[in-house]
Amino acid sequence: MKLNSQNNTSPAFAAMSWLALVGGVVVYIIGLWRSDMQLNEKGYYFAVILLALFSSVSLQKTVRDRIENIPTSHIYYISCIASFVIAVILLAVGLWNATLLPSEKGFYAIAFFLSLFGAISVQKNVRDSQTTMEDHVLTKKTDVYETEEN
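Reminder that position 119 of the sequence shown reads as 159 in our numbering, one-by-one numbering, no gaps.
Incorrect hints may appear among the rest.
Claimed, not checked - Ranges of calculated distance between the beta carbons of each label pair, as one might list FRET restraints: (1) M56 - G146: 17 to 25 Å; (2) W58 - Q78: 27 to 35 Å; (3) N109 - V166: 14 to 22 Å.
Bear in mind the hints are in silico, worked out from the structure with no lab data behind them. Quick reminder that beta carbons are idealized off the backbone N, C-alpha and C, glycines included.
Whenever a hint applies, use it, and build me the whole structure from the sequences.
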């Protein structure tokens with residue numbers, strides 16, 4: 041299934057996606073920096089968000105590849121899902137066992153999921169723009185060939 045150029049995103053959605061990604065990550069990191077946690081706890085939460093961001097982008101790309109009939113291995117697809125789920129579980133377990141106020145736990149969870157939403161949306165927008173550019177290039181080449189034939 042090839043997506044057509046009508047799937048391109050609006051500039052407002054693209055900007056808000058970047059804002060969600062950058063805003064979520066920056067707020068999460070500022071929260072870690074200003075917290076009274078030990079350094080190993082801060083490192084744990086930082087590693088969890090890095091794993092989650094990478095796995096969410098990788099999972100979105102793999103799902104999109106499968107939709108467009110681009111070959112992907114089943115083991116990679118399963119490992120993307122597993123790493124994404126593991127990242128979310130690691131955050132949940134870490135926050136459950138943390139000696140933080142409930143408001144702080146909510147702060148980290150919201151910033152975490154905002155970052156994931158932003159990462160997935162930005163990846164989708166990038167992929168849509170690549171598909172749109174490829175369609176545009178193919179249309180231009182087709183127009184040139186049709187003109188030469190006439």
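Now for the hints, and whether the structure bears them out:
In this structure the supplied range 17 to 25 Å holds for M56 paired with G146, their Cβ-Cβ distance being about 22 Å. With their beta carbons about 33 Å apart, W58 and Q78 fall inside the hinted range of 27 to 35 Å. The hinted range of 14 to 22 Å is satisfied by N109 and V166, whose Cβ atoms lie roughly 19 Å apart.
Of the numbered hints given earlier, the model fails none.
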